[in-house]
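With the sequences and hints as input, model every part of the structure.
Per numbering that gives the first Met the number 0, numbering through the sequence shown is continuous, rising by one, with the last residue being 258.
If you're looking for bench data, these hints aren't it; they were derived computationally from the structure. Mixed in with the good hints there might be a few duds.
No more than 25 Å apart at the CA atoms, straight line, and that leaves these computed lysine-lysine pairs for BS3-like [as the list claims (entries may be wrong)]: (1) LYS209 <-> LYS252; (2) LYS114 <-> LYS27; (3) LYS27 <-> LYS38; (4) LYS91 <-> LYS68; (5) LYS252 <-> LYS120; (6) LYS171 <-> LYS91; (7) LYS34 <-> LYS114; (8) LYS212 <-> LYS252; (9) LYS68 <-> LYS171; (10) LYS27 <-> LYS120; (11) LYS71 <-> LYS171; (12) LYS114 <-> LYS38; (13) LYS71 <-> LYS91.
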Amino acid sequence: MIKRKHRLEEHIQIYKGKFNNNELGTPKTILDHLKDLRKMLLIISISIGVAFNIILIFFVTYIMDFIVKPLKNMHIEIIYTGLSESFASQVKVSLIAGVIVVSPIIFWQIWSFLKPALYRKERLIFGSLFILGIFLFILGVVFAYIVVLNLSINFFVYTSGNSATPMISISKYVDFLFSFLLPFGITFELPIAIIILTRLGIITASELSKYRKYVIFAIFIIAAILTPPDVVSQISMAIPIIILYEISILACKLVKKRV
Numbered sequence: 000m001i002k003r004k005h006r007l008e009e010h011i012q013i014y015k016g017k018f019n020n021n022e023l024g025t026p027k028t029i030l031d032h033l034k035d036l037r038k039m040l041l042i043i044s045i046s047i048g049v050a051f052n053i054i055l056i057f058f059v060t061y062i063m064d065f066i067v068k069p070l071k072n073m074h075i076e077i078i079y080t081g082l083s084e085s086f087a088s089q090v091k092v093s094l095i096a097g098v099i100v101v102s103p104i105i106f107w108q109i110w111s112f113l114k115p116a117l118y119r120k121e122r123l124i125f126g127s128l129f130i131l132g133i134f135l136f137i138l139g140v141v142f143a144y145i146v147v148l149n150l151s152i153n154f155f156v157y158t159s160g161n162s163a164t165p166m167i168s169i170s171k172y173v174d175f176l177f178s179f180l181l182p183f184g185i186t187f188e189l190p191i192a193i194i195i196l197t198r199l200g201i202i203t204a205s206e207l208s209k210y211r212k213y214v215i216f217a218i219f220i221i222a223a224i225l226t227p228p229d230v231v232s233q234i235s236m237a238i239p240i241i242i243l244y245e246i247s248i249l250a251c252k253l254v255k256k257r258v
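Here is the structure:
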């Protein structure tokens with residue numbers, strides 16, 4: 000435990016030193032870092048603002064049609080109960096879509112800010128993990144939308160019986176949709192987190208294998224918290240995460256061999 004603590008402290012000190020000096024040895028002051036950070040945040044904010052307005056004016060109708068398609072396929076009526084509810088939902092969808100559209104710019108700005116703190120080999124590793132992380136997040140969201148969402152909607156509709164006719168508010172559906180999709184995207188990042196912790200010497204593949212049953216139990220608990228209160232959604236989230244956990248153990252073994 001003490002050895003790991005020292006190793007982690009060494010990593011922190013190394014990265015602190017590299018962040019204050021680029022590969023050419025030119026020192027950067029705190030003010031320089033703050034200027035770089037300000038520039039990065041400004042570019043990201045402007046990019047999101049421009050994308051948000053373009054989507055809200057020209058494309059939000061098509062996006063709304065796409066996201067409510069699972070409900071329309073089941074002939075469920077979509078309503079709004081307030082004058083501003085529909086527009087507010089369009090604004091929310093446009094903002095999230097804007098962030099997604101300019102995400103390459105966001106990632107590039109973050110990468111440009113962090114790159115001076117990394118050596119050439121570390122840039123390759125970090126860049127690979129960065130790309131893999133984006134892929135896993137998209138994979139999680141797509142999996143949730145294509146597979147789990149329809150199962151969950153079917154579950155809620157059919158378990159309600161014939162005692163009431165489903166009439167879904169657009170704002171509540173949008174909130175449900177994004178609170179449903181985002182946790183899947185985030186939890187699919189598990190292999191990235193485990194690989195990083197392995198590189199830092201905090202965990203090992205043998206420990207991951209040893210505590211597998213406790214982790215699986217925790218995964219089901221987390222899935223129950225993050226997903227809607229139905230068994231289908233919980234199992235649909237838990238099983239892919241368990242598979243990713245097993246893949247992470249294999250990745251840890253590969254990382255250990257290369258270190």
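Right, here's what the structure says about each hint:
1. LYS209 <-> LYS252: holds (14 Å)
2. LYS114 <-> LYS27: holds (14 Å)
3. LYS27 <-> LYS38: holds (15 Å)
4. LYS91 <-> LYS68: Satisfied, since the Cα-Cα distance of roughly 18 Å is no more than 25 Å.
5. LYS252 <-> LYS120: Judged against 25 Å, a Cα distance of about 20 Å means the pair holds.
6. LYS171 <-> LYS91: Given pair LYS171, LYS91 holds - Cα atoms ~12 Å apart, limit 25 Å.
7. LYS34 <-> LYS114: At roughly 16 Å apart (the allowed maximum being 25 Å), LYS114 and LYS34 satisfy the hint.
8. LYS212 <-> LYS252: With Cα atoms ~19 Å apart, LYS212 and LYS252 stay inside 25 Å; holds.
9. LYS68 <-> LYS171: holds (15 Å)
10. LYS27 <-> LYS120: holds (22 Å)
11. LYS71 <-> LYS171: With Cα atoms ~16 Å apart, LYS71 and LYS171 stay inside 25 Å; holds.
12. LYS114 <-> LYS38: holds (15 Å)
13. LYS71 <-> LYS91: Distance ~21 Å between LYS71 and LYS91 Cα, so the pair holds.
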